[in-house]
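Q: Each chain is listed here by its residues.
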Amino acid sequence: MAKKLIGDPIDRIDGTQKVTGSARYSADVKRPGLVHGVLVMSTVANGTIQTLDTTETLRLPGILAVMSHTNAPKLGGMDKNKSGETASDRVLHVFQDNLVHYNNQPIAMVIADTFEQAVEGASLVRVTYATEPVKPGLPTSTDKPLTPPRLPRVDDQVDTTRGDVKKGMAGAASTLEATYKTPTQFHNALEPHAVLSFWEGDKLTMYTTTQGISGYQKRVAELFGMPKENVRVITQYLGGGFGSKGTTFSQAMLGPMAAKLVGKPVKLVLKREHMFGMVGSRSATVQTMNVGATADGQLTAMTHDTLAQTSAFDEFMEPAGTITRMLYACPNLATTHKFIKANVGSTSPMRAPGEAPGVFALECAIDEMADKLKIDPLQFRLKNYAEEDPHRNRPFSSKSLRECYQQGADQFGWSKRAKQPRATRDGNYLVGMGMATTVYPVNRGESTAMVRLNTDGTVRLETGTQDLGTGTFTIMNQLAAEVLGLSPDQVTLGAGDSKYPEAVGSGGSRTTVTTGSAVTQAAQEVLKKAKKMAYSDKKSPLYAVAEAEIEAKNGRLESKSDPKKGESFTSLLKRNGNKPIEATTLSKSGAEKETHSMSAFGAIFVEVRVDEALGEVRISRMLGNIAAGKIVNAKTAKSQILGGMVWGVSMALHEYAALDTRNARIMNPNLAEYHVPVNADIRDIDAIFIDEADETVNPAGVKGIGEIGIVGTVSAIANAIYHATGKRHYDLPITVEKLIG
Amino acid sequence: MAEKDTYLIDGSNRRWFLKQSSALTGLLLAPPLVATSAQSTQRQPTVPPSGKRAITLRINKKTYKIDVEPRETLLDVLRERLDLTGTKKGCDHGQCGACTVHVDGRQSNACLMLAVMHQHQEITTIEGLAPSKSQLHPLQAAFVKHDGYQCGFCTPGQIMSGVAIIRQGHANSPDEIREWMSGNICRCAAYRGIVEAIGSVQKEGKTV
Ligand code: FES
Ligand code: FES
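Quick note, the sequences are listed as chains A and B, same order.
Counted from 1, the first sequence has number 361 at position 361 by UniProt numbering; the numbering is strictly sequential.
Counted from 1, the second sequence has number 158 at position 158 by UniProt numbering; the numbering is strictly sequential.
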């Protein structure tokens, strides 16, 4: 069981490789005879390809092939090319027909000896289309909203009601209706999607960029119609994903198809502008909140209606209303989800899908209601604190939100906040403070891990997980080491390759929860075997000592009450056949899934300075107080939360895809015009973890922390801007022109 | 597939590193990579293939003679021709800073430069920063210590920019560091760690 609640801040095991440039990301891998693929993208959003003229391209030196619907290898498993049960299987565009469903859809690939030749070749492919009318996305779409077949998490209902909303609203002293708009966003991991594929007979190997090695392996095998054992997927380093590499998108097929076509290893790397469409996006939403409360601040009713956009060919629904169901003790509540179809690339999970846009709406509405009632926004939240999950009617496995509020408020100086908005001024700047609750559910899948205690006292750990940059590889070693009483550098890890035991995809903050539990359990199994070996061995100093009395410490097994009584793993193993002890454990949720509600919680506090004349917003201070069970590594965990909070800044103030509604084309598909925060946008930022012991949630005692950072930050900033300026903003991002408008 | 052909995560720092370097050696020997073989300064002058130019580049204190097309960027020559893949391509348009190298000491976006135009200048990439194989440059060590990264993809560029601004005297306060480092996007948003790492090295006053 977890010994420390906040784990050692050890450096990443791959730190040296990352800072010296020796870390090989997928696009850095070389193969003899490697050739290069460059995609050709559609320039219309809806229609059919009439002609695809490759004459000029094929005249260039070095061109090996132009792959398109006219000559692409046919895929045996195309009947599986539909929207899957899980969020990660989406409909792909892999040159099996001549249909175009969105602008900037891949329609051909030029394969050439050098990258330069392929780029030039791609620029010379001439395409004509028969076009159809374009369905633009939100907010301009006038299409009929549809009810989605499901939400991405299978156990989330699409629509819910509890109590009697009408009655609740009638009983309210104060009511509020507000509509919130969030834009389409693109993940834009700094590493472009890359896939290097080669065939050896019917065996395919791919060095690729994926957040889910085993899901990717299965999906590729299924679409090719071949056994998954014939596909090997390797992701040694991943340059960020944020969801865009969680789904297996079209390039995963196009790369190996091209390798098959030309009979050589093909490297396909997306250009930055290709990452605005074919590799997913956060859906734009329009959300309407209704809130009713009594004069003394009890919520009486709430509704949260979400309209999102999805692609014309798929059914992903941004689940924005799910947190509203469980965050506050509100007796009467209804939530609905609908989508409209548009000629856009597939919408998909992006860091905190649903929670990020949904909690923006919820926590802004809560703030506005508190203001209406003239109650401090933090007090208002405390008044409606949910002791149990009001949606599932179950206790929480743990919930330390009160402590987060309290410690955050103290540390941030919340008591100094002016009662009135627009009351604090510093020169040209209006200064304001805002806060919001942040929350993220615990999502646990299935993972297998193998732990082997070697006769030299070191440990080998193998699990087919990937490390998105979050520190997974480092903390897996820490978890195994902790159980076995070793130091993490005595553990070597085999991961990042589908040849290792199958592990869950890294999305929905699942990795440490799931794979970390598998590692913990496998290590516990090994420890149990070692203890048994000791107490059954007449020659061991621990002979006949009760199992519970034995603990692992510093490479030894010893008696808890008399630490001198004990022996090292090496001497124990040596005497007992000199063979390693090994355990392989498949780990998944148990009864707790039915008996408890499990989420991480936190509070985000923000101070902004808004230039009254210029509308420029500077975030002068940000603090996140997070309770997420055991924290395995204080250093990497902090980076996760800070990174998430900066994503909150980005969503609140910077990021949006500008859509030309005439042709449904993104107008800013590059990092100059699609703004994400740079260093100078971030000042004083901090994250603090609250001690939280949770023995129910899972064997590792952890909750995910990849997404909780962004969730509450967006609304905390919007609320701080209101407090600074006295004006509410309902439409993200809150850019300069909105502030001076 | 032979184990040595792959790049596998294999263990704690040291063992992983060894494994990786041996994998790398294996690959460098494989045709048709030019890589180390192109370093030889003794190469006989030949007429380059049509459309190509024979050029000489000085990279990390080594001389490389290589035939390139005039349209090849310095970034692609480093990555695709010389197997110096530490320098990353995040955008290919001068917008992200992932490809930052030093050209005659100045931080420069290698994706915006044509290799043919930078002969006889001193080019330094992330691979050329550490004083030796077993020793990190102080800023590399500081990035590890302060967790100035997550995925590490922007990191080579961040470190090259960071070293340049320390040398140029633009790292005297957190705000100055933030301003001067704003040409390097970190989508993981490790900005706080980056500022702390650069600030700590600048304060120690070591020659970087
Ligand atoms: S790759 Fe050169 S600046 Fe982005
Ligand atoms: S560490 Fe991932 S982009 Fe900077």
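Hints in this document: simulated from the structure, not taken from any laboratory.
Incorrect hints may have been included.
Here are the simulated DMTMM-like pairs of lysine to aspartate or glutamate, each with C-alpha atoms no more than 20 angstroms apart in a straight line [as the list claims (entries may be wrong)]:
| # | chain 1 | residue 1 | chain 2 | residue 2 |
| --- | --- | --- | --- | --- |
| 1 | A | 635 | A | 11 |
| 2 | B | 52 | A | 113 |
| 3 | B | 52 | A | 116 |
| 4 | A | 341 | A | 113 |
| 5 | A | 635 | B | 69 |
| 6 | A | 532 | A | 489 |
If you anchor each label on the Cβ, the simulated ranges turn out as follows [to be verified]:
| # | chain 1 | residue 1 | chain 2 | residue 2 | range |
| --- | --- | --- | --- | --- | --- |
| 7 | A | 727 | B | 175 | 24 to 32 angstroms |
| 8 | A | 564 | B | 179 | 53 to 61 angstroms |
| 9 | B | 179 | A | 386 | 38 to 46 angstroms |
| 10 | B | 93 | A | 48 | 26 to 34 angstroms |
| 11 | B | 179 | A | 178 | 49 to 57 angstroms |
| 12 | A | 693 | B | 93 | 47 to 55 angstroms |
| 13 | A | 740 | B | 93 | 29 to 37 angstroms |
None of these values were measured; they are calculated from a predicted model.
Beta carbons: idealized from backbone N, C-alpha and C, even for Gly.
Q: For every hint, state whether the structure bears it out.
A: Checked hints:
1. 635/A <-> 11/A: Roughly 8 angstroms between the alpha carbons, so the hint for residue 635/A and residue 11/A holds.
2. 52/B <-> 113/A: Between residue 52/B and residue 113/A the Cα gap is close to 15 angstroms, so the pair holds against 20 angstroms.
3. 52/B <-> 116/A: The given pair, whose Cα atoms are some 12 angstroms apart, holds under the 20 angstroms limit.
4. 341/A <-> 113/A: violated, 40 angstroms
5. 635/A <-> 69/B: violated, 46 angstroms
6. 532/A <-> 489/A: Status violated; Cα separation ~26 angstroms.
7. 727/A <-> 175/B: 24 to 32 angstroms: 28 angstroms Cβ-Cβ, so the 24 to 32 angstroms window holds.
8. 564/A <-> 179/B: 53 to 61 angstroms: Since residue 564/A and residue 179/B have Cβ atoms about 59 angstroms apart, the given range 53 to 61 angstroms holds.
9. 179/B <-> 386/A: 38 to 46 angstroms: holds, 44 angstroms
10. 93/B <-> 48/A: 26 to 34 angstroms: At roughly 32 angstroms between Cβ atoms, residue 48/A and residue 93/B fall inside 26 to 34 angstroms, so the hint holds.
11. 179/B <-> 178/A: 49 to 57 angstroms: violated, 37 angstroms
12. 693/A <-> 93/B: 47 to 55 angstroms: holds, 49 angstroms
13. 740/A <-> 93/B: 29 to 37 angstroms: At 30 angstroms between Cβs, range holds.
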